[in-house]
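Student: Everything in the sequence shown is counted per this note's numbering, starting at 1 for the first residue and increasing by one.
Bear in mind the hints are in silico, worked out from the structure with no lab data behind them.
Possibly wrong hints are sitting among the right ones.
[Said to hold, decoys possible] Computed spacing ranges between beta-carbons, pair by pair: (1) 112 <-> 156: 39 to 45 angstroms; (2) 12 <-> 135: 22 to 28 angstroms; (3) 32 <-> 75: 18 to 24 angstroms; (4) 95 <-> 53: 16 to 22 angstroms; (5) 79 <-> 154: 26 to 32 angstroms; (6) 125 <-> 151: 40 to 46 angstroms; (7) 124 <-> 74: 30 to 36 angstroms; (8) 162 <-> 57: 56 to 62 angstroms; (9) 135 <-> 59: 45 to 51 angstroms; (10) 43 <-> 120: 24 to 30 angstroms; (11) 167 <-> 74: 48 to 54 angstroms; (12) 97 <-> 59: 55 to 61 angstroms; (13) 74 <-> 5: 32 to 38 angstroms.
Please read these numbers as outputs of a predicted model, since none were measured by experiment.
Ideal placement from N, C-alpha and C gives every residue a C-beta, glycine not left out.
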Amino acid sequence: MWRQLLVTFVMAAALCALYSVIFHFSDQDGGESSSISWTISGKWAEFLNFISGSGRDAEATAEMASYFEYPLRKFAHFSEYTCMGILVYILGSQWIRQGRRLWFLTCLWVFFSAAGDELHQYFVPGRCASMQDVFLDTCGGIFGIFFCFVIYGLYSRRKRKAERLTEGSSG
């Protein structure tokens with residue numbers, strides 16, 4: 001019981017921290033949000049220019065950065081909600097038996113969180129709400145749930161194998 005409460009507390013705290021990060025990014029006006037994305041994509045372009053040794057000039061590097069900006073923003077959406085899917089699934093698994101119900105409730109949680117985030121952005125100057133982002137965020141959450149399934153499956157398989165080895169050596 002203590003383990004269940006501890007995991008619940010840790011996952012809930014991590015989920016609150018994630019919501020805080022998502023809200024902070026969503027609360028930035030259009031100019032600030034674009035500036036951050038542009039800075040990060042510029043750093044990626046400079047890094048790739050450096051490791052490739054191509055010696056592109058500043059204009060070519062800036063052009064490369066402009067190609068990175070949109071995918072980078074979408075990757076950020078996807079990864080935030082992947083984390084949310086993992087956290088909510090682990091949190092829910094402490095109280096709901098693993099299966100379709102837990103998967104469905106986690107998907108609903110992620111979907112409504114994404115929709116709420118986009119609704120919030122609708123009221124931020126220079127930002128807009130996007131159903132594409134809700135879909136992308138939900139896909140990120142589903143990816144997180146899938147990740148949990150894979151890890152749980154590997155753990156269960158390893159546990160069963162260890163039990164068979166223990167039974168074989170004692171018998």
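Student: It remains to establish, for every hint, whether it holds in the given structure.
Tutor: Hints and how they fare:
no. : hint                            : verdict
1   : 112 <-> 156: 39 to 45 angstroms : 30 angstroms, violated
2   : 12 <-> 135: 22 to 28 angstroms  : 26 angstroms, holds
3   : 32 <-> 75: 18 to 24 angstroms   : 19 angstroms, holds
4   : 95 <-> 53: 16 to 22 angstroms   : 54 angstroms, violated
5   : 79 <-> 154: 26 to 32 angstroms  : 22 angstroms, violated
6   : 125 <-> 151: 40 to 46 angstroms : 41 angstroms, holds
7   : 124 <-> 74: 30 to 36 angstroms  : 18 angstroms, violated
8   : 162 <-> 57: 56 to 62 angstroms  : 59 angstroms, holds
9   : 135 <-> 59: 45 to 51 angstroms  : 35 angstroms, violated
10  : 43 <-> 120: 24 to 30 angstroms  : 27 angstroms, holds
11  : 167 <-> 74: 48 to 54 angstroms  : 49 angstroms, holds
12  : 97 <-> 59: 55 to 61 angstroms   : 58 angstroms, holds
13  : 74 <-> 5: 32 to 38 angstroms    : 37 angstroms, holds
Checked against the numbered hints given earlier, this structure breaks hints 1, 4, 5, 7, 9; the rest are met.
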